[in-house]
Amino acid sequence: LAKTTQPISMDSYEGQEVNITCSHNNIATNDYITWYQQFPSQGPRFIIQGYKTKVTNEVASLFIPADRKSSTLSLPRVSLSDTAVYYCLVGPNNNDMRFGAGTRLTVKP
Amino acid sequence: EPEVTQTPSHQVTQMGQEVILRCVPISNHLYFYWYRQILGQKVEFLVSFYNNEISEKSEIFDDQFSVERPDGSNFTLKIRSTKLEDSAMYFCASSEPGGTSSYEQYFGPGTRLTVT
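Just so you know, the protein sequences line up as chains P and F, in that order. So for the first sequence, this note's numbering puts the first residue at 1; every next one is plus one. So for the second sequence, this note's numbering puts the first residue at 1; every next one is plus one.
No lab work stands behind these hints: they were computed from the structure. Some hints here could point you the wrong way.
Here are the simulated distance ranges between beta carbons [stated by the list, open to error]:
#	chain 1	residue 1	chain 2	residue 2	range
1	F	Gln17	P	Ser23	40 to 48 Å
2	F	Thr13	P	Asn25	37 to 45 Å
3	P	Ser81	F	Ile38	36 to 44 Å
4	F	Val24	P	Arg104	28 to 36 Å
5	F	Gln14	P	Val55	32 to 40 Å
6	F	Lys42	P	Asn19	16 to 24 Å
7	F	Ile20	P	Asn25	27 to 35 Å
8	F	Gln64	P	Asn19	36 to 44 Å
9	P	Ser79	F	Thr13	33 to 41 Å
10	P	Arg77	F	Asp63	44 to 52 Å
11	F	Ser27	P	Phe39	40 to 48 Å
12	F	Asn74	P	Ala101	31 to 39 Å
With a Cα cut of at most 20 Å, we get these calculated SDA-like pairs of lysine to any residue [what the hints assert, rightly or not]:
#	chain 1	residue 1	chain 2	residue 2
13	F	Lys42	P	Ile64
14	F	Lys42	P	Lys54
15	F	Lys42	P	Glu14
16	F	Lys57	P	Thr5
17	P	Lys54	P	Ile64
18	F	Lys78	F	Glu104
19	P	Lys3	P	Leu80
20	F	Lys78	F	Leu46
21	P	Lys3	F	Leu46
Covered stretches of chain P (chain F as the covering partner; in silico rule of three or more C-beta atoms under 8 Å from a C-beta of chain F) [to be verified]:
#	stretch
22	14-27
23	45-59
Virtual Cβ for every residue (Gly too), placed ideally from N, Cα, C.
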């Protein structure tokens, strides 16, 4: 499984766009990039998944450069309720999902 | 919206006792998982289960742990002889098979296990 590196923490203010970058230099050809969100005392929640270029859904956008060695999760106009830990996961399948430490995002008023 | 449910929400047990944590996955899902999260630490994969057998397991999932799908709806995690270090939040998850959303696992609310 590809090792991922992301910032331990980030601060932002309400209404700002937040970009969280994840490095995955040894990503394999058949690996997907997936992001999860976790609020305190809750299970992780799927946000978005991509393979290359850009993916957008109602919650976030995921930007993946051509070499796929990194990816950026973009959260538009964050609110206080977006305060959570965000995890970047890289792998080929569903069966062995390994979470890293994640990025703790704090949104301030 | 369908969701994964877990019972109990909190379980307190004494060291050496057996515990069974229960999960009801989303009804049309075929893959099932258990994870644990020690307070303040990262989410750790324990085991995945498909077609009535274990697909993958981590180094944490030793002989003290077992999983079972006793009927068409429940998925259980048994810890035979609990240790203090088993105290954690245990999350069950389920997913549909394959496809482009192969990574989308749906997590339950968790069971907080406290071993005293």
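Going down the list of hints, with the structure as the test:
| no. | hint | verdict |
| --- | --- | --- |
| 1 | Gln17/F - Ser23/P: 40 to 48 Å | 43 Å, holds |
| 2 | Thr13/F - Asn25/P: 37 to 45 Å | 43 Å, holds |
| 3 | Ser81/P - Ile38/F: 36 to 44 Å | 26 Å, violated |
| 4 | Val24/F - Arg104/P: 28 to 36 Å | 31 Å, holds |
| 5 | Gln14/F - Val55/P: 32 to 40 Å | 48 Å, violated |
| 6 | Lys42/F - Asn19/P: 16 to 24 Å | 22 Å, holds |
| 7 | Ile20/F - Asn25/P: 27 to 35 Å | 42 Å, violated |
| 8 | Gln64/F - Asn19/P: 36 to 44 Å | 42 Å, holds |
| 9 | Ser79/P - Thr13/F: 33 to 41 Å | 39 Å, holds |
| 10 | Arg77/P - Asp63/F: 44 to 52 Å | 50 Å, holds |
| 11 | Ser27/F - Phe39/P: 40 to 48 Å | 25 Å, violated |
| 12 | Asn74/F - Ala101/P: 31 to 39 Å | 32 Å, holds |
| 13 | Lys42/F - Ile64/P | 25 Å, violated |
| 14 | Lys42/F - Lys54/P | 28 Å, violated |
| 15 | Lys42/F - Glu14/P | 26 Å, violated |
| 16 | Lys57/F - Thr5/P | 23 Å, violated |
| 17 | Lys54/P - Ile64/P | 6 Å, holds |
| 18 | Lys78/F - Glu104/F | 25 Å, violated |
| 19 | Lys3/P - Leu80/P | 30 Å, violated |
| 20 | Lys78/F - Leu46/F | 12 Å, holds |
| 21 | Lys3/P - Leu46/F | 18 Å, holds |
| 22 | 14-27 | violated (count 0) |
| 23 | 45-59 | holds (count 3) |
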